[in-house]
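Chains as they are written, first to last, in our numbering: chain W, 1 to 254; chain F, 1 to 64.
Source of the hints: derived by calculation from the structure; they are not laboratory data.
None of the values given here were measured: they were computed from a predicted structure.
Careful, some of the hints might be misleading.
[As the list claims (entries may be wrong)] Mimicking DSSO-like on lysine-lysine, the simulated pairs with C-alpha atoms at most 30 Å apart in a straight line are:
1. W:237 with F:55
2. W:4 with W:158
3. F:42 with W:158
4. F:38 with W:158
5. F:55 with F:38
6. F:43 with W:4
7. W:179 with W:158
8. W:4 with F:55
Here is how the chains run, residue by residue.
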Amino acid sequence: MVTKLIYHYASPQHFYPLAGRLWPLFAIGASALAVWGLWLGLFVAPTDFQQGEGYRIIFVHVPVSWMSMIIYLAMAFWALIGLTLNARLSGMMCRALAPTGAICAFLSLWTGALWGKPMWGTWWVWDARLTSELILLFLYLGYIALTNAIDDPRRADKAGGILALVGALNVPVIYFSVKWWNTLHQGASVSMSRGSSMEKTMLTAMLVMAVAFWLYAIAMALYRVRSIILIRERHAKWVTALPGVSPTPAEGSA
Amino acid sequence: MIWNSVSDFFAMGGYAVYVWGSFGVTAAAMVVEVLWAKHAHKKAIAHLQTEAAAKTLTHNDWSA
Numbered sequence: 001m002v003t004k005l006i007y008h009y010a011s012p013q014h015f016y017p018l019a020g021r022l023w024p025l026f027a028i029g030a031s032a033l034a035v036w037g038l039w040l041g042l043f044v045a046p047t048d049f050q051q052g053e054g055y056r057i058i059f060v061h062v063p064v065s066w067m068s069m070i071i072y073l074a075m076a077f078w079a080l081i082g083l084t085l086n087a088r089l090s091g092m093m094c095r096a097l098a099p100t101g102a103i104c105a106f107l108s109l110w111t112g113a114l115w116g117k118p119m120w121g122t123w124w125v126w127d128a129r130l131t132s133e134l135i136l137l138f139l140y141l142g143y144i145a146l147t148n149a150i151d152d153p154r155r156a157d158k159a160g161g162i163l164a165l166v167g168a169l170n171v172p173v174i175y176f177s178v179k180w181w182n183t184l185h186q187g188a189s190v191s192m193s194r195g196s197s198m199e200k201t202m203l204t205a206m207l208v209m210a211v212a213f214w215l216y217a218i219a220m221a222l223y224r225v226r227s228i229i230l231i232r233e234r235h236a237k238w239v240t241a242l243p244g245v246s247p248t249p250a251e252g253s254a
Numbered sequence: 001m002i003w004n005s006v007s008d009f010f011a012m013g014g015y016a017v018y019v020w021g022s023f024g025v026t027a028a029a030m031v032v033e034v035l036w037a038k039h040a041h042k043k044a045i046a047h048l049q050t051e052a053a054a055k056t057l058t059h060n061d062w063s064a
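Isolated chain W (complex conformation):
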């Protein structure tokens, strides 16, 4: 049953309308959670006893940083599926995710710099956490540039897929960098083994924002993959027969 469904929706023809129905749901969810998360983070969560109001950057910094890593892992997953099972849709999903990932990596560095300046006294240091996140941004940009530079989409998917897979090694390096090396960056505030060291409202706000960004990333990827499907499958009958695409009968019969 499940396998049948997966095979069904692995075909771009069937995934296109499904993605069209799903992205608005994810977009609505993301907006609703963002409103709730921003309310909690900016109006309810108390002032930090060490960092004053400056700590509120956490409500964007941590979610975008997590997403920058999660989206890369998602790309590596689709790359693996694409390279092993040769599924056409996986390459398209990979490409649809990359821009959002790149934006998250950039925002992670940007908000990090704006947090670092008042707290550490510097916008930037070449330490393990910051440098590996910068490498992640370059991996995203490299992936986008590489896949755009190759004209044949299947070959572009393959080359990009290999880059996505090899680059995935960088993700655990980012995550564990604060443990493995001495760094200016603080350790994780939320850890799977120790739980959280944060005040409850702060933690809730941060997690709500994280889920909001997650839903946003899914909505963007689903939206973007539809444009990619249209261009890639433009010679397929089902695409030319789409209501917005096929010429109106009056025009065609002239």
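Dock chain F against the given chain W, drawing on the hints supplied.
Structure of chain F alone, referenced to chain W:
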């Protein structure tokens, strides 16, 4: 609610530049991304329409 006044809120305890610089650029990046994706989708549709139109035109030429 933890703020005493609107200006209190915008001042962010002296961290206004850093906090609003973070939230503002993040919001701007998301707006740009959404507009960009919408533009790409419109472009894809326009591309398909041009191809479809070109196809009917050439067919007409041959049949004429």
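Right, here's what the structure says about each hint:
no.: 1; hint: W:237 with F:55; verdict: holds, 13 Å
no.: 2; hint: W:4 with W:158; verdict: holds, 26 Å
no.: 3; hint: F:42 with W:158; verdict: holds, 27 Å
no.: 4; hint: F:38 with W:158; verdict: holds, 27 Å
no.: 5; hint: F:55 with F:38; verdict: holds, 26 Å
no.: 6; hint: F:43 with W:4; verdict: violated, 33 Å
no.: 7; hint: W:179 with W:158; verdict: violated, 34 Å
no.: 8; hint: W:4 with F:55; verdict: violated, 36 Å
In this structure, the hints that do not hold are numbers 6, 7 and 8, in rising order.
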